[in-house]
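Colleague: Chain by chain, the residues:
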Amino acid sequence: MAALLVMLTLDSLAVIRPGGANVPLYTVINQHIDYRFDPKRGHDMPVIGEPDPLFGKPLNAAAAAVLIDKGKMVIQSRACMDCHTIFGNGAYYAPDLTKAWLDPAWETWQAITGAATREDAMVTFLMDPVKYRTWTRTMPNLGITQSEAEATVGYLKWIAAVDTNGFPPNFGHMQSTP
Amino acid sequence: MYRSQHLALKYLTAAIALFGVMTLAGLMAAYYYINPDFLFGLLHFNITKILHIDTLVIWLLMGFIGAIYWFLPEEFGRELVGIWAAEILFYVFCAAVAVVAVVFIVVQYGSSDETALWFINQGRKYVEAPRWAAIGVVVVMLVFAFNVLGTAYATRRITGITAVLMIDLVPLILLYLDAFPAITNMSEDQFWWWWLVHLWVEATWEVLIGCIMAWTVMQLLGTSRRIVETWLYIEVALVLGTGILGLGHHYFWIGTPNYWLTIGGFFSALEPLPLLRMVIHAIYDAGTHHMKTTNRPAFYWMMAEAFGNFLGGGVWGFMITLPQVNLYAHGTQWTVSHGHFAFWGAYACGVLSVIYLVVQKVRGLGHVNGALWKWSFAALNIGLIGMVGALLVSGFAQAFVERAIGGSTHEAFIAGQENRWFVEGMVTRLIFGLLFAAGYVALVWNLVTVGRRVPVLTAASEVK
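As you go down the protein sequences, you meet chains E and H in turn.
Following my numbering, the numbering of the first sequence begins with 1 at its first residue and continues without gaps.
Following my numbering, the numbering of the second sequence begins with 1001 at its first residue and continues without gaps.
Check each hint, because a few of them may be wrong.
Unchecked claim - To give a feel for the contact side, a few chain E residues facing chain H, derived at Cβ under 7 Å:
#1 Ala2
#2 Ile16
#3 Asp82
#4 Ala91
#5 Thr117
#6 Arg137
#7 Pro140
#8 Pro169
What the hints assert, rightly or not - Covered stretches of chain H, going by a simulated chain E footprint (3 or more residues, C-beta under 8 Å):
#9 1038-1047
#10 1259-1268
#11 1333-1342
#12 1408-1420
Claimed, not checked - Here are the computed lysine-lysine pairs in the DSSO-like style, where the Cα-Cα straight-line distance is at most 30 Å:
#13 Lys70/E x Lys57/E
#14 Lys131/E x Lys1125/H
#15 Lys70/E x Lys1125/H
#16 Lys1361/H x Lys1292/H
#17 Lys1374/H x Lys1292/H
Think of the hints as simulated: they come from the structure by calculation, not from any bench.
Just so it is clear, CB atoms sit at the ideal spot from N, CA and C, and this is done for glycine as well.
Generate coordinates for the entire structure from the input sequences, incorporating the hints supplied.
Modeller: Here it is, written out as structure tokens:
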């Protein structure tokens, strides 16, 4: 069993490295990312589209890696996953962030913050979530700076492009009003 | 008493104290769901949650270490080698836990650099403790391993149980080294993180508690070594046979290949087998000895461990382990229901059984019984099962409203959390949490007073 696990681990690590079959390169943040139903797989799949650079500024591989790395450090240093989940892992007090980049709720925050784009609205919200609260459960101010917020948004955009075998299910396909 | 048994008493006392901190933090975390403005701006949900789950890990670990320091000198027939180092490290360990808790509560978070991970918070679930403290845990475990291996070498005597224990110490220490990295790629980060969380908790810890319960059964029921060691070997074979690739049920949705859906689903569906073995073993031994014991609380906690492990870890885990169900249940309160039941049944009940056994020996009690332990046993178990049931109802509502029909978005999440069934489940969870806390108070009071409240009889006395 242990030997089999080692073999499967080696194969899986190749698939989940940035640029592997299921995980995009960090430069995917320069592209438009969509999430559409794939009849062959039977669930939604990330679809990488036309150039659509984050904050309107294309980044090369090295700069994208620095940004994504900083985004991960923000997520760890603020213990984001002790309220949120990513890939369903973490705590369950706040929404899952796996496809947060694609969430239609940002349209509301774009209106509230008066931001020109979705990513600008996300940055504004992350820097002062108490001011832009929309629900009784409020995200606290965690001292996130402008550069840290931008890196976090970059991280969320990149992670939305990971092939997660259809998790979370039915994303964006509301079937009826609960 | 051996020096290592005095040290065991300290570890078990610290474990019970941290059990209380875990319970208090759990009550607070439960209350945030009812009143989200609770302590807002001072202490947020994430820190309370960290305190709840990290003290869970530490009190159980201290319980295991304490139990083994208690049984091992009797097993080897001599004092443990290098016990002086373990005695010093106990105080260092306790001080480190206190410092980490204070930093969590007061400092809470740092900026996005390595300094925050080294000194404040690593931000990875279960292993949030800053790196310096994680290194301390490794040092404690290394000294613990030295005590075990050094003594075995000095005595040139290895029993079946100690052999299993010594082999288990290797992955126990190696896997914990995964508590340090901060891998940028979340898919890879979570891939290795599950090696730590799953293989620690669902493999090495299962073997560890198997060793501890083997000694406990021998002392409680007088079961022969041949029988308990045979059962232990069967359990180890089943744990390794099902648990290693059972890891795959954590690889359904993190970016890993979809063959894990089949492998993880199949092997994790078999994971209840070793837990069922424990139930059979417990019933067999209890029946063979006609339920006779001189320590009823230890006996009942041991039985609770066997049944709780099977129901909480096995049955509740099986409920959500097939990918078709897991897609909707994963990351909901359904998972929380399983987590509470499994940790309680698999480990907490076992540690409490050992503690009652130790109390009997230390105070020279012919038998241990009375009313108070029954109240604490009932309140803790009814409280826990009530929480598990309430969380399950909330989890069903969340899986249905948020995932199945809501579309898993931010708006769907809120719809799920505000669903009446979900909310009522959260309120019910808190009520049963309070009952659980009352059970904890009764437990501590009983452990403190049991020697004075129960008449000391002769060692030959038995209670039917």
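Colleague: Has the region 1259-1268 of chain H got at least three residues whose CB is nearer than 8 Å to a CB belonging to chain E?
Modeller: Our answer is that it holds, as 4 residues pass the Cβ test (under 8 Å) against chain E, meeting three.
Colleague: Under 7 Å, Cβ to Cβ, is where Pro169/E needs to be relative to chain H, so tell me if that hint holds or is violated.
Modeller: holds (5 Å)
Colleague: Three residues minimum, CB to CB under 8 Å: does the region 1408-1420 of chain H make the cut for coverage by chain E? Let me know.
Modeller: holds (count 11)
Colleague: For the restraint on Pro140/E, tell me whether the closest CB of chain H is nearer than 7 Å.
Modeller: holds (5 Å)
Colleague: For a C-alpha distance cap of 30 Å, please report whether Lys1374/H and Lys1292/H respect it.
Modeller: holds (17 Å)
Colleague: For the hint on Ala91/E, just tell me whether its beta-carbon gets within less than 7 Å of chain H.
Modeller: For Ala91/E, the interface hint holds, since the closest Cβ of chain H sits about 5 Å away, which is under 7 Å.
Colleague: Are there three or more residues in the region 1038-1047 of chain H whose C-beta lies within less than 8 Å of some C-beta in chain E?
Modeller: holds (count 6)
Colleague: Next pair to validate is Lys70/E with Lys1125/H; report whether the Cα-Cα distance is within 30 Å.
Modeller: Since the Cα atoms of Lys70/E and Lys1125/H sit roughly 19 Å apart, the hinted pair holds (cutoff 30 Å).
Colleague: The hint names Ala2/E as touching chain H; please verify it with the least Cβ-Cβ distance against 7 Å.
Modeller: holds (6 Å)
Colleague: Does Arg137/E meet its interface restraint, that is, does its C-beta lie within less than 7 Å of any C-beta in chain H?
Modeller: holds (4 Å)
Colleague: Hey, does the Ile16/E contact hint survive, CB to chain H under 7 Å?
Modeller: holds (4 Å)
Colleague: Checking one constraint from the list: CA of Lys131/E to CA of Lys1125/H, max 30 Å. Satisfied?
Modeller: Measuring from Cα to Cα gives roughly 28 Å; hence the hint holds.
The structure fails to meet hint 5 from the earlier list, while all remaining hints are met.
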